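K.L.:
Chain by chain, the residues:
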Amino acid sequence: MSTNENDQPIIICRDVHKWFGDFQALRGISMEVRKGEVIVIFGPSGSGKSTFIRTINRLEEHQRGTIIVDGIELTHDVRNIAAIRSEIGMVFQQFNLFPHLTVLQNITMAPIWVRKWPKEKAEDIAMQLLERVGIPEQANKFPGQLSGGQQQRVAIARALAMQPKIMLFDEPTSALDPEMIKEVLDVMIELAESGMTMLVVTHEMGFAKAVADRMYFFDEGLVVESGTPEEIFEHPKEERTKLFLSQILTH
Amino acid sequence: MTTTEEIRPPEPPGPITWIKQNLVNSWFNGILTVISLVVVYYVVVGSIRWAFVSADWSPVTENLLLYLIGQYPRGEVWRIGLSLTMVSILFGFSWGLWRGIMQAFSLTLIVSFLVLAVLPATPTAFPLSMRLFALANPGLILISYLISRRWKIPARVMISAWLISLTASIILLRGLGRSELIPPVEVNLWGGLVVTFLLAVGGITISFPIGVLLALGRRSSLPVVSIFSTFFIETIRGVPLITILFMGSLIVPLFLPSEMRVDRLIRALVGMIIFSAAYMAENVRGGLQAIPEGQVEAAQAIGLSKFHTTLLIVLPQALRLVIPTIVGQFISLFKDTTLASGVAVLELLQIARSILQSNPEYLGQQFEVYLFVAAIFWIFSYSMSTTSRKIEVSLGVGER
Chain A
32 MSTNENDQPI
42 IICRDVHKWF
52 GDFQALRGIS
62 MEVRKGEVIV
72 IFGPSGSGKS
82 TFIRTINRLE
92 EHQRGTIIVD
102 GIELTHDVRN
112 IAAIRSEIGM
122 VFQQFNLFPH
132 LTVLQNITMA
142 PIWVRKWPKE
152 KAEDIAMQLL
162 ERVGIPEQAN
172 KFPGQLSGGQ
182 QQRVAIARAL
192 AMQPKIMLFD
202 EPTSALDPEM
212 IKEVLDVMIE
222 LAESGMTMLV
232 VTHEMGFAKA
242 VADRMYFFDE
252 GLVVESGTPE
262 EIFEHPKEER
272 TKLFLSQILT
282 H
Chain B
559 MTTTEEIRPP
569 EPPGPITWIK
579 QNLVNSWFNG
589 ILTVISLVVV
599 YYVVVGSIRW
609 AFVSADWSPV
619 TENLLLYLIG
629 QYPRGEVWRI
639 GLSLTMVSIL
649 FGFSWGLWRG
659 IMQAFSLTLI
669 VSFLVLAVLP
679 ATPTAFPLSM
689 RLFALANPGL
699 ILISYLISRR
709 WKIPARVMIS
719 AWLISLTASI
729 ILLRGLGRSE
739 LIPPVEVNLW
749 GGLVVTFLLA
759 VGGITISFPI
769 GVLLALGRRS
779 SLPVVSIFST
789 FFIETIRGVP
799 LITILFMGSL
809 IVPLFLPSEM
819 RVDRLIRALV
829 GMIIFSAAYM
839 AENVRGGLQA
849 IPEGQVEAAQ
859 AIGLSKFHTT
869 LLIVLPQALR
879 LVIPTIVGQF
889 ISLFKDTTLA
899 SGVAVLELLQ
909 IARSILQSNP
919 EYLGQQFEVY
929 LFVAAIFWIF
939 SYSMSTTSRK
949 IEVSLGVGER
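If you're matching them up, the sequences are chains A and B in order. Note that this note's numbering gives residue 83 to position 52 of the first sequence, counting from 1, and the numbers run on in steps of one. Note that this note's numbering gives residue 787 to position 229 of the second sequence, counting from 1, and the numbers run on in steps of one.
I should point out that these hints are in silico values taken from the structure, not numbers from a laboratory. Remember, it's a predicted structure, so these values are computed and weren't measured experimentally. A virtual CB, placed ideally from N, CA and C, is assigned to each residue, including glycine. Treat the hints with care, as some may be off.
What the hints assert, rightly or not - Some but not every residue of chain A turned toward chain B, in silico, with C-beta under 10 Å: (1) R89; (2) L90; (3) L105; (4) R116; (5) G120; (6) M121.
As the list claims (entries may be wrong) - Computed spacing ranges between beta-carbons, pair by pair: (7) A:K147 x B:R708: 31 to 39 Å; (8) A:K147 x B:L686: 17 to 25 Å; (9) B:G697 x A:R146: 42 to 50 Å.
Please work from the sequences and hints to get the whole structure.
P.N.:
Here's what the structure looks like:
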């Protein structure tokens with residue numbers, strides 16, 4: 032697993048700062064992610080973890096520091112942003128499927144309009160992705176007719192349709208009923224094992240233990256602690272990490 | 559083995575039980591029921607007797623064609639007929655292709671033609687040939703419908719056919735400069751329902767895209783665009799429609815070179831478009847604001863450009879949300895065409911008025927005439943609101 036290409040970081044963040052008005056959401060985040068790594072980011076709400084992964088595909092603009100994704104630095108250059116976005120898939124807490132389009136249309140939208148693929152090719156690949164997330168029979172339904180778990184799996188398929196190099200997950204299971212969390216996590220685990228580079232904001236510690244290469248604990252816009260799952264769970268160095276873990280693991 | 563007792567919903571009450579439960583369940587309600595029945599009886603019988611016995615419909619029956627087409631030269635009426643036929647056939651084809659709205663429009667058109675065919679009128683006011691024409695059109699609509707069900711016509715062809723034939727009808731109605739076949743017809747002679755429709759359909763179809771652009775413009779991040787849109791919208795919305803129509807007919811010609819004479823129908827139409835577009839913009843903006851930010855973010859995250867995000871994700875959802883308001887606005891625009899009478903456009907109401915004024919023998923028969931005009935407006939307004947309900951239902955699939 033240590034070829035040269037894999038050692039090359041695909042995401043480089045240095046000293047990333049972000050303000051919302053006077054409120055400072057990120058106070059200097061640095062992180063390097065290598066190809067194929069699975070990163071889990073966790074922390075209390077308001078700690079900046081969502082804001083951080085949203086800066087990586089520039090849904091939020093960072094105001095200080097550098098972010099380099101796949102060799103392209105994120106600046107105000109619109110072409111750069113478009114190029115980056117087509118390499119990064121994103122899955123949201125609230126699914127954000129397009130309610131006026133069928134499942135199939137949701138997935139083929141970007142390949143047809145951004146990649147300019149012919150409709151047939153886009154639909155073939157969409158069907159393969161639906162097979163992969165386990166719901167090919169829902170292709171012609173509308174999002175509103177699906178359960179939350181199914182919707183989130185469609186959202187994953189939609190993000191994968193652009194054949195991204197990186198996948199961002201912003202609390203993908205937080206809006207789901209408990210019995211649906213597993214079906215989504217299973218898809219994510221399969222994706223992680225297939226070698227996808229993933230940044231996942233989540234409190235599903237079982238998922239982190241199973242597939243994370245590294246974990247980052249965020250609090251108040253800073254990385255408090257980072258390490259392998261073993262280091263974080265077995266020997267956390269910081270008091271705040273211990274306290275937070277005890278809170279989310281014991282309930 | 560388990561026996562499952564089937565539990566059914568309670569039977570709906572029979573008619574007698576229903577009456578007992580709802581109309582005479584107490585002595586007070588009983589009295590109310592009796593009183594209401596008496597009132598209903600007198601109103602219904604009175605109206606029927608008035609309509610069929612005492613009312614004198616001669617101002618309508620003797621001038622039916624005037625209400626329909628105004629003073630359009632009687633020798634050139636075939637041109638209106640031909641335009642109508644083109645539109646009928648297109649509606650038939652579109653019905654087969656798109657169903658939904660087009661079905662509703664086609665059915666309205668069929669019913670209107672059939673009603674027209676049997677409307678009582680003197681032979682000179684509405685000759686037999688025209689009745690037959692009105693009777694034949696529903697057949698044409700149905701035939702075109704069946705044809706397009708059998709052989710699918712591509713939507714692209716259909717849309718170009720609409721554009722071409724709408725342009726053709728306008729040319730047909732106006733006539734060409736020195737043509738023998740279709741000599742120009744003074745727009746001042748146009749009138750009646752045809753003009754009402756021209757104002758309404760023209761106003762609706764042209765103001766809609768302008769309104770959408772203004773709504774997008776108002777939310778634009780470019781200050782020039784957003785300031786201009788806001789200024790336009792707020793200025794127009796602050797002025798009554800009749801004022802805009804007057805300005806259009808009196809002031810605008812002052813600024814135009816004298817050889818550029820725009821006839822009053824067009825000026826009224828432009829006024830209505832401007833007015834309606836401003837309101838349309840605000841309605842659409844309401845829909846745009848209701849779309850959650852997450853939709854835009856999701857579209858951006860999969861790499862769609864701003865333009866595609868607006869066109870494919872935001873607008874379709876926003877417009878669906880505001881269908882009831884938009885149709886409401888279309889209905890009021892349709893009825894507001896009567897205001898064009900203020901600038902000497904002979905739309906339906908103005909024709910009715912001038913028929914009453916120019917014939918002393920119709921004195922005292924205003925009620926019949928206005929009732930007839932009101933009925934026409936009601937039929938089309940009502941069918942528009944029924945159509946909007948159908949669109950809402952057919953688009954309701956996949957509602958969040």
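K.L.:
Take a look at whether the Cβ-Cβ distance between K147 of chain A and R708 of chain B falls inside 31 to 39 Å.
P.N.:
With Cβ atoms ~34 Å apart, the hint holds.
K.L.:
Can we keep the L90 of chain A interface hint, with Cβ of chain B closer than 10 Å?
P.N.:
Since the shortest Cβ distance to chain B is 5 Å, the answer is holds.
K.L.:
With chain B as the partner, please determine if R89 of chain A meets the hint condition of a C-beta pair closer than 10 Å.
P.N.:
Since chain B brings a Cβ to about 8 Å from R89 of chain A, closer than 10 Å, the hint holds.
K.L.:
Answer holds if the nearest beta-carbon of chain B is closer than 10 Å to that of G120 of chain A; otherwise answer violated.
P.N.:
It holds, given that the least Cβ distance between G120 of chain A and chain B is near 7 Å, below 10 Å.
K.L.:
Quick check on a hinted range of 42 to 50 Å for G697 of chain B and R146 of chain A, using CB atoms only.
P.N.:
49 Å, holds
K.L.:
With a cut-off of 10 Å on the beta carbons, see whether R116 of chain A makes it to chain B.
P.N.:
4 Å, holds
K.L.:
Would the hint on L105 of chain A be counted as holding, given a Cβ-Cβ threshold of 10 Å to chain B?
P.N.:
Not OK, violated: L105 of chain A not within 10 Å of chain B, min 14 Å.
K.L.:
Grab the minimum C-beta distance from M121 of chain A to chain B and call the hint holds if it beats 10 Å, violated otherwise.
P.N.:
Nearest chain B Cβ about 4 Å off; hint holds.
K.L.:
Kindly confirm whether 17 to 25 Å is satisfied by the beta carbon distance between K147 of chain A and L686 of chain B.
P.N.:
Check failed, 60 Å falls outside 17 to 25 Å.
Hint compliance for this structure: hints 3 and 8 are not met, and every other hint is.
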